Amino acid sequence: MTTHDEMARLLAMGRIGRRDLIKGAAALGAVGAAERVLGRSAMAATPNKGGALKVAIGAGSTTDTLDPATFTDSYMQSVGFGGMRNCLTEIDNTGKLVGELAESWDASPDAKTWTFKIRKGVTFHNGKSLTAEDVIDSINHHRGEDSKSPAKPLLAPITSLKADGDNVVLTLEAGNADLPYLLSDYHIGIMPSSGDGKVDWKSGAGTGGYIIKAFEPGVRSFLERNPNYWKQGRAHFDSVEILSIIDVAARTNALTTGEVHLMDRCDLKTVHLLKRNRDVEIYDVTGTQHYTFPMLTNQAPFDNNDLRLALKYSVNREEMVQKILRGHGKVGNDTPIAPATSFYAELEQRAYDPDKAKFHLKKAGAEGLTIDLSAADAAFAGAVDAAVLYKEHAAKAGITVNVIREPNDGYWSNVWMKKGWSACYWGGRPTADWMFSTAYEAGVAWNDTYWEHEKFNKLLVAARVELDEAKRTDMYREMQTIVRDEGGVVVPMFANYVGASSTKLAHDKLAGNWDMDGHKAVERWWFA
Amino acid sequence: MGAILSMVAQRLALGLLTLFVVSLIIFLSVEMLPGDITQAILGQGATPETVAAFRRELGLDVPAHLRYIAWLGDIVQGDLGRSLASKREITELIAVRLWNTLFLAGLAAAIAVPLAVALGILAALFRNGWFDRGINLVTLSSISFPEFFIAYALIFLFAVQWGWFPSIVNVTPDTPFWERVYRCILPAVTLTLVTTAHMMRMTRAAIINLMASPYIEMARLKGLTRSRIILMHALPNALSPIINVIAINLAYLVVGVVLVEVVFVYPGLGQLMVDSVSKRDIPVVQAACLIFACTYILLNLLADILSIISNPRLLHPR
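Protein sequences, first through last, are from chains A and B. When the first sequence is numbered by our numbering, its final residue is 1678 and no position is left out of the sequence of numbers. When the second sequence is numbered by our numbering, its final residue is 322 and no position is left out of the sequence of numbers.
In isolation and in its complexed conformation, chain A is listed as follows (with noise of 0.2 Å):
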């Protein structure tokens, strides 16, 4: 392990300070090395102000726009919603929500009613003052029969949204205690008014650090920091170019040699050879990004919880993450909240015990048991792998996997959520609620697993009312607790978001919630 490893998992696990680390690494010789795991922020206590930053990203299209409802990838994320507009509530790199453009925010004890108060003084770039109407119409924007926007069903149990002064009141149909961190979601950027109930997106103005001056689609975005920002200490750079690069050796060949400054989504394949190069610096985040195998619960042999609880003891998770991540991950524990998730709850991790797997498996009754598990790399990169690395777990705890390559084309509609036992991938959500609710409560679209259990849905519909932090966190915890226990899905890994910088740049903690500091990088980075 490496000083710089082995500096972070100390500082993870508690056992150093930060200004032991810094001494220590004094001594040791190893400045750069604690420079690196405190994210520099301990060496550059004030960020500077300046330069032009190039950002390489490797997604964006050339059919992207300026509207929020089309952004999909990366690349809009992070010229729209990290560079150009605010919405009502952020997550902060610590992944604590805080107000935006919502200075603050209340709700009705059964969670129905929730009143923003809007932030005075705030202007967008073309020079409109922000006012309660350009909040409504923006949410307004996602709503409505002809909305394609994908934040339309998040926000599709509003019924009504009325202004009060300078407050917006929202009212639900059920209530949602976690309805301002829907409100941080990346398509829900304020845009101002054009008076008619509609939006102007078209324009590109919004209140962000980033006034954008150039657009080319698919090419680059040019966008220069807005004087008049609102936000204390944020938006360094004087200027920001985001190109869009697809190819991953060309991203990193412009990073290599200068040509930007920063990249997304290094190849996990080289890139401890570009570790080496010492003007780069390689950030490698836990997000809520999963890979998992689910399993029909509702047909036989999974409809028995003992024949589930044996596979899952049947796989070793450290080897899947070192083989198929690289050692870019971290193990998961058979849910999908990631410690970036509110309310993630630190439950014992489940270890790979043939013994054990042997023992449900008798108890259920299935020993000798032979079981197919569908995989495509339309799954995740990697997932056939995965599935033969889990057959040879599996073959210790007398469990014969027999892995079906499935063909990519049509592997969402045909095998996922259809056949008995398949592999699959989880962008995470960035609380449990919403995470629950997409993919593990009962009837749900998207429960790929048709798990129904009776006490986690009545504890997921009573949290999401419940506006007790505390109450909660343990009501989610139970949740966890369930989930992994007694529910249809294998997760035996969190991938990283691993992306690379050059030395130049100065951070503080990277947000885990999305990949590049969130996506917010351009606003909260500097020059060191």
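None of these hints come from the bench; they were simulated from the model. Being a predicted model, the structure only gives us computed values, none of them experimental. Treat the hints with care, since some could be wrong.
Some chain A residues close to chain B (C-beta under 10 Å, calculated; not the full set) [stated by the list, open to error]: (1) 1213; (2) 1297; (3) 1298; (4) 1368; (5) 1399; (6) 1407; (7) 1449.
Derived pair list, reagent style PhoX-like, types lysine-lysine, alpha-carbon separation capped at 20 Å [said to hold, decoys possible]: (8) 1546(A) - 1508(A); (9) 1352(A) - 1278(A); (10) 1199(A) - 1381(A); (11) 1312(A) - 1267(A); (12) 1352(A) - 91(B); (13) 1348(A) - 91(B).
Here are the in silico distance ranges between beta carbons for each label pair [said to hold, decoys possible]: (14) 82(B) - 1276(A): 31 to 37 Å; (15) 32(B) - 1456(A): 20 to 26 Å; (16) 1420(A) - 306(B): 44 to 50 Å.
In this text, a Cβ means the ideal position worked out from N, Cα and C, and glycines have one as well.
Using the hints provided, position chain B relative to the given structure of chain A.
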């Protein structure tokens, strides 16, 4: 001269017919691809509701043949339409990309054509000598490698190792001319390396072919030098096949350089088209294909005209 004009008119008419057939084929093949633009754009967020709303908005609920006829009607009036995805005017979308593509093709041609013809003449002059063999070896090797390999090799040497040229071509419409030339050098050299062999070999072969003709023998008997024979007597008669090969290579430089564009992140027409195909943005694909088809038709026409002008026997048929 009248013969040329009537040929040009005839060719242009045939070209229009070709364009029509091309557009029909493109429309049908994109139509046949699984999925449509609404699913491609919405991705995971594609619920039946949002897809239906999007289709209504784009007018994709209209049957395909009606959409094609409407599009054809607009094209005849010179209106390329709007992109389905971004709703931008396609002329505006394509203009910048087309200029980029033509610039790179022009730069590559400006290096490759004189180089190839000169090398071809020299190779013919020193036929079977060490120069001839050496230049054949080099150009044939470079054409045998895939172009992305050559591109990566050049990037490794000139951008990563020595840092002389940028590894990606980041140009905007405001980039000054010489700055643009400098930034485009590596892709232009890549294209030069993959096109030179073809043109060089054709020049050499055409000249050598003529060297066996009686009039060349006559010239030799008159005591002319070898270089004078090749330049003044053989080359003018060899122009016709050379021009045709150059035309084919120029067309390739315009339409066939997607891989080079990807490696150097060059914002050309090829990338626009690949993007549009993957997003099923039919009007943009159609427009790009029409431009590519036009390039082929016009360059071939130009090659034929130049061949005729360079050949008195064709210029003044009996």
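Results of checking the hints against the structure:
no., hint, result
1, 1213, "3 Å, holds"
2, 1297, "6 Å, holds"
3, 1298, "4 Å, holds"
4, 1368, "6 Å, holds"
5, 1399, "7 Å, holds"
6, 1407, "4 Å, holds"
7, 1449, "25 Å, violated"
8, 1546(A) - 1508(A), "9 Å, holds"
9, 1352(A) - 1278(A), "15 Å, holds"
10, 1199(A) - 1381(A), "14 Å, holds"
11, 1312(A) - 1267(A), "12 Å, holds"
12, 1352(A) - 91(B), "11 Å, holds"
13, 1348(A) - 91(B), "17 Å, holds"
14, 82(B) - 1276(A): 31 to 37 Å, "34 Å, holds"
15, 32(B) - 1456(A): 20 to 26 Å, "55 Å, violated"
16, 1420(A) - 306(B): 44 to 50 Å, "46 Å, holds"
Of the numbered hints given earlier, the model fails hints 7 and 15; all others are met.
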